[in-house]
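Asks: These are the residues of each chain, in order.
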Amino acid sequence: MASLTWDAVEMVRRVQSGEVSALELVDAALERIADVDANIGAFLYVDDNGARDAASRIDSDLTREQKERLPLAGIPVAIKDNLVTREMPTTAGSKILEGFRSPYNATVVERLLAAGAIPVGKVNLDEFAMGSSTEHSAYQVTRNPWDPTRVPGGSSGGSAAAVAAGMVPLALGSDTGGSIRTPASYCGVVGMKPTYGRVSRYGLIAFASSLDQVGPFARTVRDAVLLLHVITGKDPHDATSVDVMPTQATVAAVEPSRMRIGLPEEYFGDGIDPKVRTRVDGALETLRGLGATLVPISLPHTRYAIATYYLIANAEASSNLSRYDGVRYGFREAAPDLIQMYANTRSLGFGREVRRRILLGTHALSAGYYDAYYLKAQKVRTLIRRDFEQAFSQVDLIVTPTVPDLPFKFGEREVDPLQMYLTDIFTVTTNLAGLPGLSQPIGLTDGLPVGLQWIAPALQEERILGMAQALESVLPVPSWPMQGGSSQ
Amino acid sequence: MSESYEVVIGLEVHVELKTASKLFCGCTNLFGQEPNTHTCPVCLGMPGALPVLNQQAVALATRAALALSCDVHPFSKFDRKQYFYPDLPKAYQISQYDQPLATEGHVTIRGEFGMRSIGIERIHLEEDAGKLNHIGQRLGDATGSLVDLNRAGVPLIEIVSRPDMHSPEEARLYLTELRTVLSYLDISDLRMEEGSMRCDANISLRPSSYTGSLVDLPRVEIKNVNSFRNVQRGIEHEIVRQKALLEQGIRVVKETRGFDDAAGTTYSQRSKEAANDYRYFPEPDLPPLILDTEWLEAQKREMPDLPEALRHSLTTEGLVSRDVEVLVQDRALYGFWREVVAIFPDVKLVTNWLLSDYSRHMNAQGLSFDTPGVSAEHLAQLLGLIQDGTLSGKMAKEVLEAMFTTKESPEAVVQRLGLSQITDQEAIRVIVAEVITANPGVVADFQGGKDKALAFLVGQVMKATKGQAKPNLVNSLLREAIASHV
Chain C
184 MASLTWDAVE MVRRVQSGEV SALELVDAAL ERIADVDANI GAFLYVDDNG
234 ARDAASRIDS DLTREQKERL PLAGIPVAIK DNLVTREMPT TAGSKILEGF
284 RSPYNATVVE RLLAAGAIPV GKVNLDEFAM GSSTEHSAYQ VTRNPWDPTR
334 VPGGSSGGSA AAVAAGMVPL ALGSDTGGSI RTPASYCGVV GMKPTYGRVS
384 RYGLIAFASS LDQVGPFART VRDAVLLLHV ITGKDPHDAT SVDVMPTQAT
434 VAAVEPSRMR IGLPEEYFGD GIDPKVRTRV DGALETLRGL GATLVPISLP
484 HTRYAIATYY LIANAEASSN LSRYDGVRYG FREAAPDLIQ MYANTRSLGF
534 GREVRRRILL GTHALSAGYY DAYYLKAQKV RTLIRRDFEQ AFSQVDLIVT
584 PTVPDLPFKF GEREVDPLQM YLTDIFTVTT NLAGLPGLSQ PIGLTDGLPV
634 GLQWIAPALQ EERILGMAQA LESVLPVPSW PMQGGSSQ
Chain D
6 MSESYEVVIG LEVHVELKTA SKLFCGCTNL FGQEPNTHTC PVCLGMPGAL
56 PVLNQQAVAL ATRAALALSC DVHPFSKFDR KQYFYPDLPK AYQISQYDQP
106 LATEGHVTIR GEFGMRSIGI ERIHLEEDAG KLNHIGQRLG DATGSLVDLN
156 RAGVPLIEIV SRPDMHSPEE ARLYLTELRT VLSYLDISDL RMEEGSMRCD
206 ANISLRPSSY TGSLVDLPRV EIKNVNSFRN VQRGIEHEIV RQKALLEQGI
256 RVVKETRGFD DAAGTTYSQR SKEAANDYRY FPEPDLPPLI LDTEWLEAQK
306 REMPDLPEAL RHSLTTEGLV SRDVEVLVQD RALYGFWREV VAIFPDVKLV
356 TNWLLSDYSR HMNAQGLSFD TPGVSAEHLA QLLGLIQDGT LSGKMAKEVL
406 EAMFTTKESP EAVVQRLGLS QITDQEAIRV IVAEVITANP GVVADFQGGK
456 DKALAFLVGQ VMKATKGQAK PNLVNSLLRE AIASHV
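Chains as they are written, first to last, in this note's numbering: chain C, 184 to 671; chain D, 6 to 491.
Simulated from the structure, these hints should not be mistaken for lab results.
All the pointers check out, no bait thrown in.
Okay, derived cross-link-like pairs now, DSSO-like style, lysine-lysine, Cα gap no bigger than 30 Å in a straight line:
1. D:Lys412 / D:Lys399
2. D:Lys353 / D:Lys412
3. D:Lys136 / D:Lys259
4. D:Lys399 / D:Lys475
5. C:Lys458 / C:Lys592
6. D:Lys457 / D:Lys475
7. C:Lys278 / D:Lys136
8. D:Lys471 / D:Lys399
9. D:Lys82 / C:Lys417
10. D:Lys468 / D:Lys457
11. D:Lys23 / C:Lys417
12. D:Lys353 / D:Lys475
13. D:Lys86 / C:Lys278
14. D:Lys402 / D:Lys457
15. D:Lys136 / D:Lys228
16. D:Lys455 / D:Lys475
17. D:Lys136 / D:Lys23
18. C:Lys559 / D:Lys82
19. C:Lys278 / C:Lys592
20. D:Lys228 / D:Lys23
21. D:Lys402 / D:Lys471
22. C:Lys562 / D:Lys86
23. D:Lys468 / D:Lys455
24. D:Lys86 / C:Lys559
25. D:Lys353 / D:Lys402
26. C:Lys417 / D:Lys86
27. C:Lys562 / D:Lys82
Sequences are here, hints too, so could you generate the full structure?
Replies: So this is what it looks like as structure tokens:
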């Protein structure tokens, strides 16, 4: 009997050895989705038949040797709905892509398929990945499995909630300013944003091209390692993907006692929920116990990060979202003339938050404002990058709280967008600097998860993953929300 | 008060590069295909698609920049030029804005004024847009538009001149020379009528009393004119129109104007004062374009001979400047000339025949020198028959005409028509003797000092040989025979 309490590494082992069939695993996932997702709202689309067919093909067509060459043989995976898929609809959580079917698969989807993974469905997000709560989807809200009155974080809220609620062991998300790490923290799962260029963006619906990166969600560090291994590597379709070896398939050994870990003062100041602070301090103690050296450091330009991030991200978004014009695909609102058709289509097709960001970004790139906004932001971005370079001359890794507070209630930050933007205050810097970052769960406070963020120099994902696993191995084994199903 | 005006003209020329595939995707780059059959997620602007730069396009653009004596920059970058239009799938064009591939080149033009250098400000790489086909007779009453994106993403270079031209004629000469230079690089079809070469002209009039900067003069841009001739006509009309306005004290409005071929006039399209803000910013999907020094050196070494060098070498080979120009301006003609000269090295004879009779037949048959109507070998053989006296010039013309029709070798034509010139002296002597016997009076006149009388006798011999005797030979044999006749 297949069990969704196994992690992906365990599932793969059992599928490869024939102890369990891929179909049994996929059926278990589909049952769990049917059972609990009505209360969570993670999935925008579930491909029952497609998933079962793919699983059956693995079971019937492949020899044991062939299965052993598939690192994700038979593993059900959820895909954030801003990654294009040929076999399933892709909406990016927006009405403007209602009914859209991509003629091609994103590179990461192709890599999943080639690794034997079974995409079971597409999961919810803030429209075009713009948000920190998954409240801004045009289709549905996604609830936090730990407390359905609270948000799962965003924008990859569907991915995080699907993994946290045990519907799938693995999910893909995307992270532009914290969109993997924030929901990972809020939902108590592992989520990683790799180094910019590590993972192909081909087929990731662009939000901010210079910041976007696809990454894994999992319940254990070793599962995140497994999924990351499958999706990393140079892609000839993405000129910004870096030409380096993929990350390893298993966790690389790291000696915690040799690690110097930086604690940036700017990330431990006022404004952090004391309950979060207590949990984080506890994790830092545990790291000390493992022999790591904790070093106070400074990243002095951190206070400009949110302003810099929103200028650059919105500017790029205003350009990237221009193609949704009603001419070739997706939603169109007819009008007597072309200009009015554009206006109607985009006014009705985009939600309020997306329109706000397009307007802000358009303004930042306008003649007469470019130098003061976009160009200035790029200069500050360089300073933020240098902060990290400086820091990494002293330390091997940096740790911070992932998010300053606990998951908030629906609607709580809707009134003041700035309040919402500040949710990302500790996560945007790694995107601006192009560095890898990971959030791992370090325990519950008032029944809600707290995450710890790791940051490493570019392409040093394995250093993070090694330390995160060392920490994971000494923390108490976490309980899972909704263990009993939807009745919880 | 009489104000005089200086005409200031700058040209922007777009040239489609003849690459195998488009600038940022693998779609084939072909003109005249079924609509939307050469498209993919990238050039359709599908969600999630990303551009990857075509290195062949970089090589062709670099070749153009080197041929136009530009500084080619080892570091350049791509930018997004943003505007909404149905032929632009991403709603931005990937172009190069503040750091283009190449700057500071020039083109040398020649005219009655002598030689002048026209500056080139910049050359940059960018992608073409698609095409709209309007349903209906004219744009005004079109009932709809169909979008064809086969051309979307085709690589272009934009060549921006300095405002160094001062007459419509100079503008035409600039375009002609530009096309001539580019034609030797084999980087583009350069067909105005198919849009593989397009020209926008900027025209302003500078009053003699104006002391301000050139860029502040109100400038009119004539867009998308479909031939060099019409560029010239459009500019001519603009000069007249703007002058009339200025003389009435009316300000010239900065705007974009179209050219009406039938009327020979320009008409207002849109005012530039409310122009698009293109919101250029660096293209985040493409790393900067870095040219390797060794690669660039290799490109320089592999440059073909260019018109300037050819003009020099042809002049050295003894051609007159008029012929040099005709040869150099048509790369295919020049190539054919070289082929013929390689077989038959009498440069003057080859040039004379090629540029007169041969070219006339080519024009008559509507052929270009890419597909010569008579092969270089056959032409060389024909010239050989003239040189060795087998054919007179007149006969050779007849043979060439036949060759264009039947594609036979000159020998075959000569045999078929029995045209060979009689060089057998004994045969001619017999006829000469007959003519002298039959015309004693004329012979006597000649002997009496009337030189013209000989011409009559020569004519009689030519008539008797049906024109196949060599006139010089007849002349000397007649003189010889009359002298001994005494």
